[in-house]
Amino acid sequence: MRPLKDSVLSRGGDWDFELLQRYDKEIGIIAKEFGLDTYPNQIEVIASEQMLDAYASVGLPISYAHWSYGKEFIQNEEAYRRGQRGLAYELVINSDPCIAYLMEDNSMPMQALVIAHACYGHNSFFKGNYLFKQWTSADAIVDYMVFARKYIFECEQRYGEARVEETLDACHALMDHGVDRFHRPSPLSAEDELQRQHEREEHAWKQYDDIWRTLPQKRDDGANVKKKKRVFPPEPQENLLYFIEKYSPTLEPWQREIVRIVRKLAQYFYPQGLTKVMNEGWATFWHYTLLNSMYDRGLVDDGFMFEILQSHTNVVMQPGFDHPAYSGINPYALGFAMMRDIRRICEEPDDEDRAWFPDIVGKDWREVLDFAMRNYKDESFIGQYLSPKLIREFHLFAIADEQKADHLRVEAIHNEEGYREVRRLLSKQYNRDVLVPDIQIVCYEHMGDRSLVLRYNRLRERPLTDDAGEVLKHLSRLWGFTVTMEIFEEGKGVVDKIEVAPAGA
Amino acid sequence: MSMIIDRRLNDRNKNASNRQRFIRRYKAQLRRSVADIVADRSITDMSRGGEVGIPVKDISEPKFRVGRGGDREMVHPGNKEFTTGDRIAKPPSGGGGGGGSGGGEGQGEEGQDNFMFTLSKEEFMNLFFDDLELPRLARNVLGDSKQFTYRRAGYTPSGVPANLSVPRSLQNAMARRIALRAPLNRELAELKADAGSAEDIAALEKRIERIPFLDEYDLRFRHRVKEPKPISRAVMFCLMDVSASMSEQKKDLAKRFFTLLYLFLSRKYEHVELVFIRHTSNAEEVDEHAFFHDPQTGGTVVMSALNLMIEILEDRYSPSQWNIYGAQVSDGDAFGSDPQRSAMRLSKDILPLCRYFAYVEIPDSPSSITPLAAAYSQIRDATFAMSTVMDRGDVYPVLRELFQRETA
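Chains A and B supply the protein sequences, listed in that same order. Under numbering that gives the first Met the number 0, the letters of the first sequence match residues 0 to 504, in that order. Under numbering that gives the first Met the number 0, the letters of the second sequence match residues 0 to 407, in that order.
Hint data in this document are derived by calculation from the structure and do not stem from the laboratory. Careful: at least some of the hints might be erroneous.
List time: in silico DSS-like cross-link candidates among lysine-lysine, alpha-carbon distance up to 25 angstroms [as the list claims (entries may be wrong)]: (1) A:Lys496 <-> B:Lys62; (2) B:Lys254 <-> B:Lys267; (3) A:Lys427 <-> A:Lys275; (4) A:Lys362 <-> A:Lys126; (5) B:Lys62 <-> A:Lys427; (6) A:Lys403 <-> B:Lys89; (7) B:Lys62 <-> A:Lys245; (8) A:Lys427 <-> A:Lys491; (9) B:Lys62 <-> A:Lys275; (10) B:Lys254 <-> A:Lys472; (11) B:Lys56 <-> A:Lys472.
Label pairs and their in silico Cβ distance ranges [claimed, not checked]: (12) A:Leu193 <-> B:Glu226: 41 to 47 angstroms; (13) B:Gln170 <-> A:Glu165: 47 to 53 angstroms; (14) A:Arg21 <-> B:Tyr149: 34 to 40 angstroms; (15) B:Met173 <-> A:Asp13: 55 to 61 angstroms; (16) A:Ile61 <-> B:Pro294: 55 to 61 angstroms; (17) B:Asp293 <-> A:Ile61: 52 to 58 angstroms.
For every residue, glycine included, the Cβ atom is placed at its ideal position computed from N, Cα and C.
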């Protein structure tokens, strides 16, 4: 079918703002027909240097000043200048309105690809997925970062760059452990935040009364003291930064505020780490679907599609484990393949699919995909939807690496006996506990020497890397007293300990 | 409807300050790297930027991470020949994806020991001459300064339109209007209360109306005064021995020293004059180009250079108006009574006029004591310092040592 000449939006690679507007309009119309629900879009056209800037501040349009962002920036800039790395075509921010960056050097087809991918794919994922809904406040993040930047700048003015940097370094080291996983954080608002922070300080001031110091101490005999002594916290705490912010005996109010800022930032990024495969798969699936239907309607020409498909193919390439370019499973490839596969199962199921996915066979694929997008994260998504057909296509195989064995063992491959095992193991690979060690605060000696005891719940004898000691030093700097970490293994009890006293104590 | 915004004209260098912070944080490591580079460079491109490296482990940010070891399973794509139960030899580094998915970046870093990046010329020079200073530089002369600063000095009733202060002028106008109207308004009120004639009221109202909104004497202009800026004037005398005993390699070291000194001075001080004197058995004042690039050989009379320096001093640089500095580089060879006489001349006639005089020697071997060094080492004066350079790597540290910022 040759597209009609007059309906084609543009030919060739050149773009201008009017064209962007028209493409966006058409893509938006098609997206709506497919039922994609999105935040309003804010598309920003930037130059490549600005893209490098955006990289460094972890994709947020604004962030506080810290040397590590400088390092990140230099790293990207060097790699880019030497041609070791191209720039990502797009960058999208989970905010309301959803901000997406387009690079000025891209051709029109690429811009359209990015609009479809970011502004309708990622955007609808941000708006719909339960983790994002629950854990991030898209409407407030930009304001909050403005507040954070200003606050940290003021702290630097008042307390010196060195002290602020020290605090931030320590917080960054613990960032992965500043996340609430089981209860919803209060929504962000820069204004409330300022207000709350004032109130907190005010409250502390008001509560202080020197007269309490002069009260005679109640005499307790030893037995009494023992009875009163309870373990605090009553339950282990996994949000280390939260615990520090609330209970550190030595932090000054402004330092607590900085801990809070880093904690909020960690919380904001938390869902992104858990939905990499889904998020990218969803966005890739939709740019593919949206642009193809543009082609079907004759809005774009063959040249446009060739360029899109070439780039698309590069993105979803999955090199095998023995390929020099292999660096783990490509989330774009796996996600895209799974999304497409779900559509296939809905539309053209075979007997195997009927046996494996009886509940979605023959249903409206849009509803099924929408349901999956809203209610799953990578771990559960793979556990639920990875089909035997895909396992075969990807030639997935599971390997057991045991410390005591002198060989790796192939646990399962893409055969009848192996499907479930491969799927289970792959799904587990996306469990956060595998990536971020499970470390919890078990005891704060608030009646004693104020030391803090952490516990690393070691899984199958997997050790921590050597920089754990460094992190503990940072922690003890925030805490102000001795910090101990017990290495705990199920069935064996505490097997090892690392103890760090604060510097200068 | 989406909003499309052109941000290309926005700030491009959002991360400049973060970059500076990074460089500041790793200054010590970077400076080591810079010193190595300088030792390798040819004299002519001393002042370019350059690629520096920092050990990756120094700049990594620690995190709790699960390391290698223990038991785990990994799923990989691309199986061609394996079947369940196969055994595969463990790769030496335990590799195969490390922590499972997303290990890409971590692996890349391991392969590289150094975090390499390029410093701009500016950054390079900053690191290079960071906390070097001319010792005891004093601001001694006010006159003849070409620099002025403008300071704000209130408002004046006259000036050019560009300097018109609108708020001030309108404030004045308002004050004038209120002041002129007040008595008339009062009169008007009285007239109205006493039921004065309509004509009088109309006349009075007209008068009130006629008060102009803005009058010429309301105008105020921002006033600025020009103030001379005190500057410190300094002159650096560069004395280099180019006699036959200075081998090419020694001359290279000497020129290196002066190149760095020259870069340092011309970068840090706009108002430092440089006088280049080279000497064999007689001394001559030359320009920068000849000093660094023209070959010359002959005998050695150190005294000639010192004499020329004094001549020039008397002629052009009065010590009451100038901060005077000297730097001399020689291999230390001198004959007969020349070293003793030179040392005398230096300590008696030159040092009292100088803020600082540095002598750098490039001897044949580190242990030998040259005649000139022996003579100069007798000089006991706070304004005199000497040091020895043996190879390229020493030049920069010696410069630092001699011009280290005094920490009072």
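Each hint, compared with the structure:
1. Distance hint between Lys496 (chain A) and Lys62 (chain B) is fulfilled; the C-alpha atoms sit about 17 angstroms from each other, no more than 25 angstroms.
2. Pair hint Lys254 (chain B) plus Lys267 (chain B) holds up; C-alpha atoms about 19 angstroms apart against a cutoff of 25 angstroms.
3. A hinted pair counts as satisfied when its Cα atoms are at most 25 angstroms apart, and Lys427 (chain A) with Lys275 (chain A) qualifies at roughly 14 angstroms.
4. Pair hint Lys362 (chain A) plus Lys126 (chain A) holds up; C-alpha atoms about 24 angstroms apart against a cutoff of 25 angstroms.
5. Restraint check: the Cα-Cα separation between Lys62 (chain B) and Lys427 (chain A) comes to about 22 angstroms, which is no more than 25 angstroms; the hinted pair holds.
6. Restraint check for Lys403 (chain A) and Lys89 (chain B): satisfied, since their Cα atoms lie roughly 12 angstroms apart, inside the 25 angstroms limit.
7. Taken as a hint, the Lys62 (chain B) and Lys245 (chain A) pair is honoured in the structure, with Cα atoms around 22 angstroms apart against an allowance of 25 angstroms.
8. A distance of roughly 23 angstroms separates the Cα atoms of Lys427 (chain A) and Lys491 (chain A); the hinted pair therefore holds under the 25 angstroms criterion.
9. Between Lys62 (chain B) and Lys275 (chain A) the alpha-carbon distance is near 21 angstroms, which keeps this suggested pair within the 25 angstroms criterion.
10. Of the supplied pair hints, the one linking Lys254 (chain B) and Lys472 (chain A) is violated, its CA atoms being roughly 48 angstroms apart against a limit of 25 angstroms.
11. As the CA atoms of Lys56 (chain B) and Lys472 (chain A) are separated by approximately 17 angstroms, the hinted pair is consistent with the 25 angstroms bound.
12. A C-beta distance of roughly 42 angstroms is found between Leu193 (chain A) and Glu226 (chain B), which places it inside the suggested range of 41 to 47 angstroms.
13. At about 49 angstroms, the CB distance of Gln170 (chain B) to Glu165 (chain A) agrees with the hint of 47 to 53 angstroms.
14. For the pair Arg21 (chain A) and Tyr149 (chain B), the supplied restraint of 34 to 40 angstroms is violated, since their beta-carbon distance comes to about 53 angstroms.
15. Checked against the hint of 55 to 61 angstroms, the C-beta distance between Met173 (chain B) and Asp13 (chain A) comes to roughly 57 angstroms, which is consistent with it.
16. Restraint check, Ile61 (chain A) to Pro294 (chain B): a C-beta distance of roughly 59 angstroms satisfies the suggested window 55 to 61 angstroms.
17. Hint check: Asp293 (chain B) to Ile61 (chain A), Cβ distance near 56 angstroms, so the stated range 52 to 58 angstroms holds.
Hint violations for this structure: numbers 10 and 14, all remaining hints satisfied.
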